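Undergrad: Below, each chain spelled out in residue letters.
There are 2 protein chains.
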Amino acid sequence: MAKPPVLTPRAQDFPRWYQDVVAKAELAETGPVRGTQVIRPWAWAIWERMQAEVDRRIKGAGAENVYFPLFIPEGHFRREAEHVEGFSPELAVVTHGGGKELDEPVVVRPTSETVFGEYMAKWIQSYRDLPLLLNQWCNVVRWELRPRLFLRSTEFLWQEGHTAHASAADAHAYAVRILQDVYEDFMTEVLALPVLTGRKTAAERFPGAVNTLTCEAMMGDGKALQMGTSHELGQNFARAFAMSYLDDTGAEQLAWTTSWGVSTRMVGGLIMAHGDDAGLRLPPALAPVQAVVVLVRDEEGSGARAARIVAELADRGGRVRLDDRVDTSFGRRSVDWELKGVPLRIEVG
Amino acid sequence: MAKPPVLTPRAQDFPRWYQDVVAKAELAETGPVRGTQVIRPWAWAIWERMQAEVDRRIKGAGAENVYFPLFIPEGHFRREAEHVEGFSPELAVVTHGGGKELDEPVVVRPTSETVFGEYMAKWIQSYRDLPLLLNQWCNVVRWELRPRLFLRSTEFLWQEGHTAHASAADAHAYAVRILQDVYEDFMTEVLALPVLTGRKTAAERFPGAVNTLTCEAMMGDGKALQMGTSHELGQNFARAFAMSYLDDTGAEQLAWTTSWGVSTRMVGGLIMAHGDDAGLRLPPALAPVQAVVVLVRDEEGSGARAARIVAELADRGGRVRLDDRVDTSFGRRSVDWELKGVPLRIEVG
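First to last, the sequence lines map onto chains A and B.
Under the working numbering, the first residue of the first sequence carries the number 2, and numbering increases by one thereafter.
Under the working numbering, the first residue of the second sequence carries the number 2, and numbering increases by one thereafter.
Warning: the hint list may mix true and false statements.
Which copy is meant is left open, because identical chains are indistinguishable; a pair holds if it fits in one copy or across any two.
[Stated by the list, open to error] Below, simulated DSS-like cross-link-like pairs (lysine-lysine); rule was C-alpha separation at most 27 Å, straight line:
hint	residue 1	residue 2
1	4	25
2	123	25
3	60	25
4	224	123
5	25	224
6	4	201
7	4	101
8	224	201
9	25	201
Just so you know, these hints were derived from the structure itself, not from any lab.
For clarity, every value in this text was computed on a predicted model and none was experimentally measured.
Generate the whole structure from the sequences, applying the supplied hints.
TA: Quick look at the structure:
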């Protein structure tokens, strides 16, 4: 009788296959609070590389990194009507701090337009201060009813860019630049995923946006996944937070803002787009280990040969690992590396 | 009449001088929720370099990065008696999520020993799984009564390492290794701060620890600042979370754990240790801009000369910036760069 497959076959039950990969490749587990997740070393190392690659492109687009607080006063959300309506059902609220009930409840950020708005309004005085291009890497919380690891978790990690511009045209151009030069370029060149870019319909737009641009990729089940979005916010947040500046004639003008983000959801997209019935498959640029040298049996100098291959590949800048666990069965070890999606496996001995 | 100094002199009022530097060098501002902070681009760029340097050393000590959730069930804290007592007065508590009151309140992590404990207990089965060396970079929240930017904020950023070992001796050796090879080496070589390492008294120990090792540095006011700590937790957390393993004789043993961290407080320490009455002073390894070329007047080819110097220094791998704001007074520009602590200023024209 054939052994049962390590993973539920994709064709049989795709969501189940996804869960199997996440668990058996030791990528993530559900956290102790419903909807949260524990990201394990292999998946974290992939995310670290994603971060580095996206960050490099964001800096290339002229934005600077900052850090805004996790906690936002509840009142901030009420300043922009559509925004509060869009996020209210998803908020996590802190009511007690330091052993006392708080005078004003505090929201754990679901996104930071409102607090960026408050401070950018202070920092922008004149047209010389524009464009103001900021980004942060942080965690955000949205209370999810149907959580799925990486794809839809109560807490997730992302970058959120927030920018202010002197005109609607500048804001539009920058939102498009992020979509193309940062997101599309990263997804094509690093994730090795062709993406479709386009506009969301009015009903699908980000709460408070006037235009939402999106990058979508096709998954192994034939469904599209939203991988990143870039929003034009018009003057909605600038108005709510009095973000005005003096133009070169000395007249007061309201700024135009954008916001944009990609998240740990991309790890889920990577799994669903590239994975197969043997497990994850990683593009070499992202793989924590690009080549594994598996020592089958340590006989007749094979151990030394394996070590030499590892050293040679490492010398050329590769991320290489030696698997010399000869007391574990070869089959078991092969399955391990296939589950983890290491691009190249070299067997010695 | 002499102009008033840009900063309160250190000798006159050191805490005031510190606040002045943080504000005028545009390092950080207080956030909208009491005790939180907004970290601006210059300080964030310094923190990014600190992170990269500490992270490289942590990986060198064999630990792998992971990510654990922001939210911890309140009950987790009650499992280790000293730990709950130590943190209770500082906790921020989420009571509402998704528009409903939660069945069990959720704590915003003040540190993650309890949740690491729960999962490490699952991942550790045999002596072959030890040592398990994990680290995460994240935000934590402790409700502070007397917040000070970078030094003592309600939310701060840090790395927290959590490890499990087969013996007290191994745990001790690893806690010392982190203290010396990671923290002391980083502080000496990168922060350019000689530190004193030693042990905390029993009363000052981390809640739940059996031994707390510390790195302390001397600040400009003659006071010592705790810059990082490395804790031996004995078997306290292993017992609370049933973190046991089978040793090589097949007998069940309780693991020994450590935890250790450095935080954005180091940015405050850097300011207070190196700063002077003109502002921040940055070690070249951390400076976002290592050399600024200030074009005094754009006359007789000085603009081209300045640009050439910038290009030459950048070619050699330096982080260089050209300041060609010739319509701003030279004095104002000099003060700007002195406040920001750029190590080298080259004036042309």
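Undergrad: Does each hint fit the structure? Answer for all of them.
TA: Here is how each hint holds up against the structure:
1. Taking the shortest alpha-carbon separations for residue 4 and residue 25, only the intra-copy value of 17 Å comes in at or below 27 Å, while the best inter-copy value is 68 Å.
2. For a Cα distance limit of 27 Å, the shortest separation of residue 123 from residue 25 across copies, 14 Å, qualifies, whereas the shortest one inside one copy, 49 Å, does not.
3. Proximity of residue 60 to residue 25 under the C-alpha cut-off of 27 Å is restricted to the inter-copy arrangement: shortest distance 24 Å between copies versus 36 Å within a copy.
4. Taking the shortest alpha-carbon separations for residue 224 and residue 123, neither the intra-copy value of 44 Å nor the inter-copy value of 35 Å comes in at or below 27 Å.
5. For the identical chains of this complex, residue 25 and residue 224 are intra-copy neighbours only, at 23 Å inside a copy versus 51 Å across copies, given an alpha-carbon limit of 27 Å.
6. Within a single copy, residue 4 and residue 201 get their C-alpha atoms no closer than 46 Å, and across copies no closer than 57 Å, so neither meets the 27 Å cut-off.
7. When the C-alpha separation of residue 4 and residue 101 is checked against a cutoff of 27 Å, the pair qualifies neither within a copy, at 58 Å, nor between copies, at 47 Å.
8. In this homomeric assembly, residue 224 and residue 201 come within 27 Å of each other (Cα to Cα) only inside a single copy, at 16 Å, whereas the closest approach across copies is 57 Å.
9. Proximity of residue 25 to residue 201 under the C-alpha cut-off of 27 Å is found in neither arrangement, the shortest distances being 35 Å within a copy and 42 Å between copies.
When each numbered hint is compared with the structure, violations occur for hints 4, 6, 7 and 9.
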